[in-house]
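Letter by letter, the chains look like this.
Number of protein chains: 2
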Amino acid sequence: MLFSKEEYKERLKKVQKSMQEKGIELLISSDTANMNYLTGYDAWSFYYAQCVIVHVNSDEPLCFVRAQDAGGAYITTYLKKENVIVYHEKYIHTWPLHPYDYLVEIIKERKWDKLNVGLEMDSHYFTAYCYEKIKQGLPNAKLKDSERLVNWTRVVKSGTEIKLMKCAASISEKGMKTAMNAINPGVRQCDAVAEIQKTLFMGTPEFGGEYSSIATLLPTGKGTSASHLTASQEKFVTGEATIIEISGVYKRYHVPMARTVLLGKPEQKKIDAMKATNEALDAGIEATKPGNTTNDVAQKFWAVLDKHNIKKESRTGYSIGIGYPPDWGEHTLNISKGDETILQPNVCFHMIAVMQFGDWGVEASESVRVTKNGSELFCNYSRDLHIK
Amino acid sequence: MLFSKEEYKERLKKVQKSMQEKGIELLISSDTANMNYLTGYDAWSFYYAQCVIVHVNSDEPLCFVRAQDAGGAYITTYLKKENVIVYHEKYIHTWPLHPYDYLVEIIKERKWDKLNVGLEMDSHYFTAYCYEKIKQGLPNAKLKDSERLVNWTRVVKSGTEIKLMKCAASISEKGMKTAMNAINPGVRQCDAVAEIQKTLFMGTPEFGGEYSSIATLLPTGKGTSASHLTASQEKFVTGEATIIEISGVYKRYHVPMARTVLLGKPEQKKIDAMKATNEALDAGIEATKPGNTTNDVAQKFWAVLDKHNIKKESRTGYSIGIGYPPDWGEHTLNISKGDETILQPNVCFHMIAVMQFGDWGVEASESVRVTKNGSELFCNYSRDLHIK
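Protein chains in written order, with the numbering used here: chain Y, 1 to 388; chain P, 1 to 388.
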């Protein structure tokens with residue numbers, strides 16, 4: 001078991017406390033990262049409906065998975081076998097049959113069908129279809145959005161979680177070093193990713209890497225104006241910039257990192273944009289300490305951009321920890337003006353400056369941990385525009 | 001452009017025909033693979049709400065993406081710039097604000113708010129929240145499930161699509177060869193995946209690989225009873241079996257392959273199970289031809305299992321083509337008893353036999369293309385239990 005049973009129990013208690021505060025008696029948690037957080041469940045089975053069910057008074061959550069994945073649940077969760085609820089294979093992609101038909105049955109059997117039920121309304125895999133099954137199947141339940149209460153519980157990390165994130169950070173550093181070496185004029189983008197992926201999976205001798213919840217992002221040339229482009233088989237071109245965004249992953253914990261490399265002749269506007277970006281990141285990180293808010297961090301960041309007359313409308317960071325595709329963000333705090341989340345020790349966020357200027361862009365980031373008195377960076381890797 | 005404009009137009013026409021048949025005047029397509037199919041859009045941006053909007057009489061679809069991804073849409077889609085609809089960054093993870101607030105505005109502006117609107121109700125990223133925004137924002141629209149009509153349009157591949165899949169197949173073969181070489185007693189699972197990933201991304205000199213929509217699945221030992229477990233940093237152990245499930249990917253087209261390797265002493269029950277599985281796969285493939293149904297294929301498959309007294313409750317295949325995380329299946333036909341989809345030339349499916357026997361299992365698969373008179377396999381790779 002990755003975490004002690006006590007740590008899992010503590011997580012459950014925190015979630016149940018939050019449920020009480022929100023008037024939720026039964027929580028259906030479909031977010032893959034939340035499922036992992038609450039039970040340890042870890043498998044690539046999230047392309048079918050699955051969830052964790054938390055009753056406000058229960059000693060353990062229930063893990064609701066497909067029959068084919070029952071073995072995975074027995075292996076990866078801390079739960080008693082009876083708390084792994086297995087649905088039949090007949091529900092797999094045979095609409096209008098649906099796994100949540102069985103979920104509704106289970107809830108009725110346990111006489112939970114008149115409770116206040118919390119749903120993760122905008123969780124990636126909680127589809128409209130799942131929702132309709134619950135609405136129609138549990139007409140007496142009072143449904144409400146749980147407003148990411150499990151995600152919010154995840155925001156402050158335990159000591160063990162921080163240790164795992166530090167392992168992930170050391171993998172990120174190695175991955176970025178490989179990327180910087182592999183990206184050269186005439187090299188196919190896919191061949192650079194091949195080397196990056198190899199490094200990220202090998203990790204370190206002590207800490208093996210895992211699949212990341214976002215693919216290696218590698219926009220290049222004009223593509224640097226679009227931060228979420230992935231690699232193609234086209235070759236890198238002299239004179240063009242490439243943005244690299246990766247994450248080392250250890251036991252599903254992510255510590256992402258973004259950097260920009262410029263091949264060939266230095267271009268002053270890109271050098272200047274990168275410098276201003278880094279100055280802004282530094283200003284934000286400087287303001288990161290317990291008691292300050294994410295808005296305080298954002299204000300300092302944007303003050304530097306304003307000084308340099310740079311416009312940026314997108315948020316410049318988000319909370320990180322456990323991740324599953326399609327996202328490594330926790331869907332809680334944002335580093336943006338007006339987000340008034342109060343920082344606490346062991347809140348961790350990816351402060352990422354995606355800077356777009358028409359048909360080009362630069363990017364850099366730091367994964368930051370709030371400490372007792374300030375903050376520390378997970379990774380140690382220059383953010384300068386890497387010119388080669 | 002990957003496909004000719006004519007091919008995109010033809011896809012659109014087929015989808016519009018299907019919309020007419022179902023009485024849908026406006027389709028909101030949130031499935032990432034459908035978005036790619038209809039417009040060419042390709043970026044790892046599906047962790048935010050996005051969609052393609054198809055009016056039944058329009059010349060082009062609309063592609064609805066986040067501002068930060070506008071550049072990616074201009075680069076990767078065939079659409080006129082005016083048909084890329086960009087929503088503001090203020091909607092990113094700032095609930096109760098939501099991108100679909102703006103989607104509703106767009107639909108109202110165009111006076112489409114009283115139409116019969118088709119929704120992909122169980123598409124992975126069409127969340128309950130998106131659905132509520134549409135329901136509340138378009139009270140006069142008649143909402144209905146599109147029942148995967150775009151997915152069904154994708155089932156029969158064009159000549160160009162088949163060519164891309166053959167490229168993906170050659171990458172799958174290379175990946176599996178690497179896996180079989182890399183998996184040895186004492187090797188960390190993550191190190192084997194590092195080699196596999198490197199191979200899959202490098203692809204061939206002509207065809208570079210891409211990220212797969214499912215991570216390398218590598219259940220080993222007791223884990224072979226659970227088909228969706230991914231690699232850890234534990235080492236492979238003499239005497240244990242490992243299932244390898246991978247896919248080569250080319251231009252987002254997937255051709256998956258599963259095999260099983262046994263390290264050390266041959267174990268008769270696993271050899272026998274593998275033989276029976278392969279006999280069943282062969283029987284199913286033998287029955288694959290235009291005019292036959294998926295049920296016909298399934299009946300032949302299960303007849304062999306029955307003969308060997310092997311019970312298997314899960315479906316044994318599904319349609320394949322374009323894929324994005326979390327799935328490479330098309331969510332249309334299943335190879336299972338009772339699925340009466342009639343096979344046509346250029347229908348492609350992954351016929352995969354996940355065989356679980358308590359605390360162990362074996363697995364093998366073929367990606368199959370229906371031809372004019374029968375079928376052909378995309379890959380050429382022995383399905384025998386690989387003993388080393």
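Source of the hints: derived by calculation from the structure; they are not laboratory data.
Some clues are possibly wrong.
Any copy, or any two copies together, can satisfy a pair, since identical chains are not distinguished.
[To be verified] List of simulated lysine-lysine pairs, DSBU-like, C-alpha gap at most 30 Å:
no.	residue 1	residue 2
1	Lys111	Lys337
2	Lys265	Lys17
3	Lys275	Lys80
4	Lys235	Lys166
5	Lys90	Lys222
6	Lys270	Lys90
7	Lys144	Lys114
8	Lys22	Lys265
9	Lys163	Lys235
10	Lys108	Lys144
11	Lys90	Lys13
12	Lys300	Lys14
13	Lys9	Lys222
Here's how the hints hold up against the structure:
In this assembly of identical chains, the alpha carbons of Lys111 and Lys337 never lie at most 30 Å apart, being 45 Å within a copy and 34 Å across copies at closest. Taking identical chains as interchangeable, the C-alpha atoms of Lys265 and Lys17 are never at most 30 Å apart, the minima being 58 Å within one chain and 53 Å between chains. For a Cα distance limit of 30 Å, the shortest separation of Lys275 from Lys80 qualifies neither inside one copy, at 54 Å, nor across copies, at 35 Å. Taking CA atoms no more than 30 Å apart as the test, Lys235 paired with Lys166 passes between copies only; the shortest distance there is 22 Å, against 33 Å inside one copy.
In this homomeric assembly, Lys90 and Lys222 come within 30 Å of each other (Cα to Cα) only across copies, at 25 Å, whereas the closest approach inside a single copy is 47 Å. Taking CA atoms no more than 30 Å apart as the test, Lys270 paired with Lys90 passes between copies only; the shortest distance there is 26 Å, against 56 Å inside one copy. Within a single copy, Lys144 and Lys114 get their C-alpha atoms as close as 13 Å, and across copies as close as 28 Å, so both meet the 30 Å cut-off. In the homo-oligomer, the alpha carbons of Lys22 and Lys265 never lie at most 30 Å apart, since the shortest distance is 57 Å inside one protomer and 57 Å across protomers.
With identical chains, the CA atoms of Lys163 and Lys235 are at most 30 Å apart between copies only, with a shortest distance of 22 Å across copies and 38 Å within one. When the C-alpha separation of Lys108 and Lys144 is checked against a cutoff of 30 Å, the pair qualifies both within a copy, at 18 Å, and between copies, at 27 Å. When the C-alpha separation of Lys90 and Lys13 is checked against a cutoff of 30 Å, the pair qualifies neither within a copy, at 35 Å, nor between copies, at 34 Å. In this homomeric assembly, Lys300 and Lys14 never come within 30 Å of each other (Cα to Cα): the closest approach is 32 Å inside a single copy and 52 Å across copies.
In the homo-oligomer, the alpha carbons of Lys9 and Lys222 lie at most 30 Å apart only across protomers (27 Å), although the nearest pairing inside one protomer, at 49 Å, exceeds that limit.
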